[in-house]
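Trainee: One-letter residues, chain by chain:
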Amino acid sequence: MVKLIIRNLSKIYKDKRGKRSSALKNVSLNLDINGIFTLIGRNGAGKTTFIRIVSTELLPTAGKVYLDGVDVVKNPKEIRERIAVIPQEAELIPWMTARENIYAYLLWRGFSFKEAKKRTNTIIFRFKLEKYADKLPRKLSGGTKRKVLVALVISSNAKIIFLDEPTTGLDPISRKELWSVLNDLKKEHLIILTTHYLEEAEELSDYIIILNKGKLVKSGTINDIRDAIGYPYAIKIFKGFKKNIRLTGKVVKKNDGTFQIFSDEITANNLAKKLINRKVKFSINPTSLEDIFYMLVGDINKGEEHEN
Amino acid sequence: MKISKFSQLSASVMANAFYAMKNFPVMLVNTILAPFGLLIIIFFVSHGTLLNVGILGGFILVMVNNGISIQGDLTHLRNDMKLQDMLVSSPVSPAIYVAGIALSELVFSVPDLIVLSVLAVIFIHISVISTLTVAAVMLLTFMFSISLGFFISTISRDVIEGWAFMGLISMLLSTLPPVYYPITYIPFPFRYLAYISPTTFSAIIAQSSIGFVKFSASFILTSWIVLIMVSIALIVFAVKRSIWREE
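Chains as they are written, first to last, in my numbering: chain A, 1 to 308; chain B, 309 to 555.
Derived by calculation from the structure, the hints in this document are not laboratory data.
One should not assume that every hint holds.
Here are some of the chain B residues that sit facing chain A, going by a computed Cβ distance under 8 Å [as the list claims (entries may be wrong)]:
| # | residue |
| --- | --- |
| 1 | M309 |
| 2 | S315 |
| 3 | M322 |
| 4 | Y327 |
| 5 | V334 |
| 6 | N338 |
| 7 | L395 |
| 8 | V396 |
| 9 | S397 |
| 10 | S398 |
| 11 | V400 |
| 12 | P402 |
| 13 | A403 |
| 14 | D466 |
| 15 | S550 |
| 16 | R553 |
Below, a list of computed lysine to aspartate or glutamate pairs in the EDC-like style, where the Cα atoms sit at most 16 Å apart [said to hold, decoys possible]:
| # | chain 1 | residue 1 | chain 2 | residue 2 |
| --- | --- | --- | --- | --- |
| 17 | B | K310 | A | E81 |
| 18 | B | K390 | A | E91 |
| 19 | A | K139 | A | E78 |
| 20 | A | K186 | A | E203 |
| 21 | A | K236 | A | E203 |
| 22 | A | K118 | A | E130 |
| 23 | A | K117 | A | E91 |
| 24 | B | K313 | A | E91 |
| 25 | A | K74 | B | D466 |
| 26 | A | K16 | B | D388 |
| 27 | B | K310 | A | E115 |
| 28 | A | K159 | A | E78 |
| 29 | B | K390 | A | D68 |
| 30 | B | K330 | A | D134 |
| 31 | A | K16 | B | E554 |
| 32 | A | K74 | B | E469 |
Across the chosen pairs, the derived CB separations fall in these ranges [claimed, not checked]:
| # | chain 1 | residue 1 | chain 2 | residue 2 | range |
| --- | --- | --- | --- | --- | --- |
| 33 | A | T258 | B | N331 | 33 to 39 Å |
| 34 | A | S288 | B | N331 | 45 to 51 Å |
| 35 | A | E130 | B | L484 | 32 to 38 Å |
| 36 | A | K139 | B | T439 | 43 to 49 Å |
| 37 | A | K19 | B | S524 | 53 to 59 Å |
Ideal placement from N, C-alpha and C gives every residue a C-beta, glycine not left out.
I would like the entire structure built from these sequences, with the hints used as guidance.
Mentor: This is the structure we're talking about:
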């Protein structure tokens, strides 16, 4: 378990003209976490800013952050041996092979030449990268490059790994492969992850926080969040519904002509019976993270004005 | 875990010089040829009389070009690979990282220095004192070039902009000033313009150390003072400008 305490964390960026934009607004958390901790939110919600502050890359405008017992704002050096980061859009150094990239990273982290070599070989074997290890990045697929980057930070033995949108741009198969790697790694490391993909967050996360316009909207396990919003079930009524049944719960009419009804267990059960009697086509599922996100924040694909 | 600072320093050298040369030998050819273009032109135009000055100019150009290169490399690694972001959240310090990258630029200049040294031994018959003088001048030239390159890397937003700066500065510091030829060849009042470039002072000291041009002792002393002051000022300025953890 790793303790993460955040108190009134705020970040205001100023551009060259002095125009201020707020990326984080008074975010507070007090958690004992392990496994995969995921931040979700629209573009500009403050996910990357959050990760950059907690991983000691960026100073906050105000607030305190304690990670694993260390005040990371005041004493960043104390935590840096225990953390490793893959920033958004990070790339392997193109003139070095996968093996050389891993080896150099370990040397930068201060391992001896012998230890770095040993760890490089071990991680290549563990991640089944043998046949790619001596190739330059341009000869590797997007998925393999990401895998090498993850291998690189894992090889350092850092306890806490920050991954900022690690699967962005990957094809569905590569993404699933990386999920399996992350699921395996979460047994030994705390992984703090940001993602745009809600099904990814739902699949991987042990703990989720939802940010919107720099504010913490909800946090907890997926079940906690489902319970907290009070609508554990989502009923989708397909196109052509004549509205000849009174719909109870939170009803959303979508642009494609379908209805989405969020409700508690009893209401869902009653409504399902009525819909069956009237031979209306529908599906019923536990409320997904995407549904919750839509309810709380809106469409994830619509970004805010500023990128952080 | 015991952190090895030597490993950290070596990582920058290996990543930015050794592996680049090993995996892309064409970079080595390009680097080696850089100082010889002007040297060959100077040799033919002067019917060989400026060969020794041209060789010294080659030494200075190598130091300037490789020193300035740090800005392109740092900008590329920071903006395109996000390496700096990865390393900020690791045990490596900014001083070690930048010192390693600076050292890697020096490693890149080694093949040039070997070829130029062979030419210097054959054509200049340089004394021990002159050798030490030229070495000191080269070191100072490298230091202010590195500092200037580092400073530019902190203001250039992308690598394209960085390359443009690099070409411009290389021309202003090594091609236009009297580095490959003596300053006495520039008529007044244009000669005053040459004093704007610190490499003019590098060349004056180096050329007078082999006896090619004669200047008063006070002028040579002034040249040393200017070179040392410029180097210190640029180093201090670069250190003050450096940003590791963003605000």
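Trainee: Can the hint on M322(B) be confirmed by a CB-to-CB distance to chain A that is less than 8 Å?
Mentor: holds (6 Å)
Trainee: Should the hint that A403(B) touches chain A count as held when the rule is a Cβ pair under 8 Å?
Mentor: It is violated, given that the least Cβ distance between A403(B) and chain A is near 13 Å, above 8 Å.
Trainee: Does the Cβ-Cβ separation between K139(A) and T439(B) fall within 43 to 49 Å?
Mentor: holds (46 Å)
Trainee: Is the shortest C-beta separation between S550(B) and chain A less than 8 Å?
Mentor: For S550(B), the interface hint is violated, since the closest Cβ of chain A sits about 15 Å away, which is over 8 Å.
Trainee: Would the pair K330(B) and D134(A) pass a check requiring their Cα atoms to be no farther apart than 16 Å?
Mentor: holds (13 Å)
Trainee: For the pair supplied as a hint, K310(B) and E81(A), is the alpha-carbon distance within the 16 Å limit?
Mentor: Distance ~10 Å between K310(B) and E81(A) Cα, so the pair holds.
Trainee: Given the hint that K186(A) pairs with E203(A), test it: the Cα-Cα distance must not exceed 16 Å.
Mentor: This hinted pair holds, its Cα atoms lying about 13 Å apart.
Trainee: Does the structure keep K310(B) and E115(A) at a Cα separation of 16 Å or less?
Mentor: holds (11 Å)
Trainee: Can the restraint linking K74(A) and E469(B) be considered satisfied, given a maximum Cα separation of 16 Å?
Mentor: Violated - the C-alpha atoms of E469(B) and K74(A) are around 35 Å apart, more than 16 Å.
Trainee: Given the hinted pair K236(A) and E203(A), is their alpha-carbon gap at most 16 Å?
Mentor: violated (21 Å)
Trainee: Interface hint check: S397(B), Cβ to nearest Cβ on chain A, cutoff 8 Å. Holds or violated?
Mentor: holds (4 Å)
Trainee: Can we keep the D466(B) interface hint, with Cβ of chain A closer than 8 Å?
Mentor: Not OK, violated: D466(B) not within 8 Å of chain A, min 13 Å.
Comparing the model with each numbered hint stated earlier shows that hints 5, 6, 12, 13, 14, 15, 19, 21, 23, 24, 25, 26, 29, 32, 33, 35 do not hold.
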